[in-house]
Each structure stands twice: as structure tokens, then as C-alpha cells.
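K.L.:
All chains should be built: construct the whole structure from the sequences, respecting the hints.
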Amino acid sequence: MTTCTIIIIKKNYEIILNMKDFIEKLKALSDENRFRIVMMLKIKPLCVCEIYSVLSISNSTVSTHLKTLRNAKIIDYKKDGRWMEYFILPEIITLLDMTENLIKNKEIINNDREKLKYLSRDVCSANFEKNK
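First residue of the sequence shown: 175, per the working numbering; consecutive thereafter.
To be clear, the hints were calculated from the coordinates, so they are not data collected in a lab.
C-beta: ideal position from N, C-alpha, C; glycine also.
If a hint is listed, it holds; no wrong ones were tucked in.
Cut-off 27 Å, straight-line C-alpha distance, at most; resulting in silico cross-link-like pairs (BS3-like, lysine-lysine):
id, residue 1, residue 2
1, K291, K253
2, K289, K218
3, K218, K278
4, K241, K218
5, K278, K199
6, K247, K216
7, K291, K218
8, K216, K280
Label-pair distances were calculated between CB atoms; the ranges are:
id, residue 1, residue 2, range
9, S234, Y292, 21 to 27 Å
10, K291, N192, 33 to 39 Å
11, L200, K253, 27 to 33 Å
12, D195, G255, 28 to 34 Å
13, D195, L276, 15 to 21 Å
14, K252, N279, 31 to 37 Å
15, D195, K291, 30 to 36 Å
16, N192, Y292, 36 to 42 Å
P.N.:
Written out as C-alpha cells, the structure reads:
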């Protein structure tokens, strides 16, 4: 069985993915909400409640999307106090940049990023206290 390798080169940075990994990443990014999550994470690491606040979808749906992105090795997380903070894996940034450049109308992505400017962890604290 032959294995296909995909090489993406941008600004002297090289990513080498086998075709199976590449397709898995594309599948994970094929959902609009997951793609929007990743585009927000390009700006800064976020917790579930911050993502929830921007997308206006349920926390459980956000968590499911984050799990899919983690399984595809696009994002990971670290604990920050009482929050789990999600971030993009550095080796995937070039692929995401190239994918974003293919989009003609970035209005939704730009709106999400604009909302992030005014978002603080106070949103998370309010949700945390409400659910106690």
C-alpha cells in the first residue's frame, strides 16, 4: 500500500502531513462552528464559556466541537486556574492560514474576532456562579 505525503511550504516553514492526517484535519474543519472556533483561537487561547459567548451555542456543543478538533490534533488545552484554556497547536498555524486565505467573505470570522475584543473572563465567572 502506497502512502501519500503532503508538503505545505510557507515562509520557510514546512509542514509534512500524510494524506490520512491531512484529510482528518480537513474533516474537522469542515463544520462552520468548528472553523469559527479555530479562527478565534488564532487570536488568543479561549475557554469554553468564552467560545460559547461568541457563538451562542450550548456549552455541550462547544465541548463536542473542541473534542473533535483535539482528536484531529488541531488544538489542545491547558488548565488556567479553574478554566480549561484551548489553543491552536503551533505546527498547524500554516495550514490554517492557507485555509483562511481561501475564504472570500470573512464577515462572520471578522465579527467573531470583533466580539473577542470586548470579551473577558467575567463572562465565565458569571456562568460559573449561575451554575453552582
